[in-house]
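As given, the protein sequences belong to chains A and B, one line each in that order.
Per our numbering, the first sequence runs over residues 1 to 291.
Per our numbering, the second sequence runs over residues 1 to 291.
One should not assume that every hint holds.
Which copy? The list can't say, so a pair holds if one copy fits it or any two copies do.
Unchecked claim - Below, in silico cross-link-like pairs of lysine-lysine (BS3-like), each with a Cα-Cα straight-line distance of 30 Å or less:
hint, residue 1, residue 2
1, K232, K213
2, K153, K288
3, K153, K205
4, K288, K254
5, K161, K213
6, K2, K153
7, K92, K213
8, K4, K161
9, K288, K2
10, K244, K213
11, K161, K288
12, K92, K288
13, K232, K254
Rather than coming from a laboratory, the hints here were simulated on the basis of the structure.
Only a predicted model underlies this, so the values are computations on that prediction, with no experimental measurement involved.
There are 2 protein chains.
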Amino acid sequence: MKQKVAFLGLGVMGGPMAGHLAKAGHHVTVYNRTRSKAEQWQTQHAQWDVAVADSPASAAQQAEFIFACVGNDHDLREVTVGPSGAFHAMPKGGVFVDHTTASAEIARELGVQAQSMGITFLDAPVSGGQAGAVNATLTVMVGGDQAAFDRTKPVAMAFSKAFTRVGDNGCGQLAKMVNQICVAGAIQGLAEGIAFGMRAGIDMKLVLEIISKGAAQSWQMEHRGPTMVDDKFDFGFAVDWMRKDLGLCLDEAKQRGALLPITALIDQFYGDVQRMGGQRWDTSSLIKRLR
Amino acid sequence: MKQKVAFLGLGVMGGPMAGHLAKAGHHVTVYNRTRSKAEQWQTQHAQWDVAVADSPASAAQQAEFIFACVGNDHDLREVTVGPSGAFHAMPKGGVFVDHTTASAEIARELGVQAQSMGITFLDAPVSGGQAGAVNATLTVMVGGDQAAFDRTKPVAMAFSKAFTRVGDNGCGQLAKMVNQICVAGAIQGLAEGIAFGMRAGIDMKLVLEIISKGAAQSWQMEHRGPTMVDDKFDFGFAVDWMRKDLGLCLDEAKQRGALLPITALIDQFYGDVQRMGGQRWDTSSLIKRLR
Chain A
1 MKQKVAFLGL
11 GVMGGPMAGH
21 LAKAGHHVTV
31 YNRTRSKAEQ
41 WQTQHAQWDV
51 AVADSPASAA
61 QQAEFIFACV
71 GNDHDLREVT
81 VGPSGAFHAM
91 PKGGVFVDHT
101 TASAEIAREL
111 GVQAQSMGIT
121 FLDAPVSGGQ
131 AGAVNATLTV
141 MVGGDQAAFD
151 RTKPVAMAFS
161 KAFTRVGDNG
171 CGQLAKMVNQ
181 ICVAGAIQGL
191 AEGIAFGMRA
201 GIDMKLVLEI
211 ISKGAAQSWQ
221 MEHRGPTMVD
231 DKFDFGFAVD
241 WMRKDLGLCL
251 DEAKQRGALL
261 PITALIDQFY
271 GDVQRMGGQR
281 WDTSSLIKRL
291 R
Chain B
1 MKQKVAFLGL
11 GVMGGPMAGH
21 LAKAGHHVTV
31 YNRTRSKAEQ
41 WQTQHAQWDV
51 AVADSPASAA
61 QQAEFIFACV
71 GNDHDLREVT
81 VGPSGAFHAM
91 PKGGVFVDHT
101 TASAEIAREL
111 GVQAQSMGIT
121 FLDAPVSGGQ
131 AGAVNATLTV
141 MVGGDQAAFD
151 RTKPVAMAFS
161 KAFTRVGDNG
171 CGQLAKMVNQ
181 ICVAGAIQGL
191 AEGIAFGMRA
201 GIDMKLVLEI
211 ISKGAAQSWQ
221 MEHRGPTMVD
231 DKFDFGFAVD
241 WMRKDLGLCL
251 DEAKQRGALL
261 PITALIDQFY
271 GDVQRMGGQR
281 WDTSSLIKRL
291 R
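Looking at chain A on its own, in the form it has when it is part of the complex (with noise of 0.2 Å):
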């Protein structure tokens, strides 16, 4: 069924996810800080049925389902609550689906005050990085109100391989910053793994090729431990971003009382990776600092 949604940030995520949305066949109106983006979006999608609106708010008047992908608690604050946010300007019963991978808290808060406003908000972080987003086959963790979530996946179905809802505003958040903890690990584990073979004079491509058929096997390995030792480090999710949401989850872990030691760790080589002019290396670049 054809709808009327809003996209609010149309960054290397949201830039993609919206033009999925407007093949899908939805009147799709989008918002940028930056508003030239928001033309050249436009004019590539010249083709459907899109429109460009100057603030959140006016983006958001009579759609059904307004979309964001921003950069962090802040911007997401400015776009649903903010003076021209689109909180106040959505229809009542809309929803508003948070793409940003931002902190529990800021889920739990504006869930609150959407509640309170006759609207929903579901926090939906994402995961298949950029590549996911071009391909439409993210995945998607979904914080929230179940009615809400299931009228929304049809629509986010549009970007999506997976759209799951792990339960209350909050939780989607939640399942991200574990996906982020277990990614860490897996990529420092490989990294020293992979330097030291190195170092060692051993055949490191023959290794990961013979090692990634049991135990030790990862996306990680598979997909990154080649480039690693080839030394290249454009592929995607960056160092910068990587920090950001480590720091969510060290926030989040010492809020609850629990331990990531190794997270923490992992989290200051990145900062040494950002030291080393790394900041838009993707995040495998963490072996760099190993060689």
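Once you've looked at the hints, dock chain B against the given chain A.
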């Protein structure tokens, strides 16, 4: 082709491995430090062509291939070049295939010594655990002479799903070390992620199912994630053995000037688990110290 082979060390790995050699039709002479264990193995394999020897030397007489799977460098030295070791007794041209996870240094030493005696030594540590030994699905990483490797492979395939030469003597052990380093990082990341998620109160089995479709996926997540959530730690490879292996990695890294900051810390964490009484828990028990 039916061969005369020997197998030294009938532990949880060696026992089933020797069994597969017998079932493949080879004449298998076994030796075990505790003789009663060898006799028990003989009884269990009475329908095949098997024998028990009193020493590595007597097991090795006339054997074209001598396989070993013992505890550590010291045990390996004893069964090869010790007073009743196999090297002295092996026929010229014989191949000693060592499946022990040991140091790369001893592999190189024994390689040189074997060569001077007209025999060949292959370091051939395995991965796949007890289940891999029982089901003949071990992955074997081999260091040593190419021609001896080629002759050994058809025999060793009785218990392997892959038997791959990585390089010269020592390279098999180095590859196994890379494997253990990667495993350690993946498990610790997974442990932190799961402990964090459980403390935050989200449904971790559901979350693991969702995130194992993407960049956080690993063998450890798929196989040990759900059992970690269930607080079950009786799945083979034990903490004591992992500490031995990580010790080998850390020694080797020091010699090579390689950095293993997280591996070193995880080794310490396994020390915590040992102090909790977890010597025989499986390696996923790292999560116990985070709960």
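Checked hints:
1. K232 <-> K213: For K232 and K213, both the intra-copy (23 Å) and inter-copy (24 Å) Cα distances are at most 30 Å.
2. K153 <-> K288: neither (40 Å within a copy, 37 Å between copies)
3. K153 <-> K205: For K153 and K205, only the inter-copy Cα distance (21 Å) is at most 30 Å; the intra-copy one is 41 Å.
4. K288 <-> K254: both (29 Å within a copy, 19 Å between copies)
5. K161 <-> K213: both (26 Å within a copy, 10 Å between copies)
6. K2 <-> K153: Within. Shortest intra-copy distance 14 Å satisfies the 30 Å Cα cut-off; inter-copy 62 Å does not.
7. K92 <-> K213: neither (53 Å within a copy, 35 Å between copies)
8. K4 <-> K161: Answer is within; shortest intra-copy Cα gap is 22 Å, inter-copy 55 Å.
9. K288 <-> K2: neither (48 Å within a copy, 50 Å between copies)
10. K244 <-> K213: For K244 and K213, the Cα distance is within 30 Å only across copies (23 Å; inside one copy 33 Å).
11. K161 <-> K288: Neither: 33 Å inside a copy, 34 Å across copies.
12. K92 <-> K288: Intra 51 Å, inter 47 Å, cutoff 30 Å: neither.
13. K232 <-> K254: between (34 Å within a copy, 26 Å between copies)
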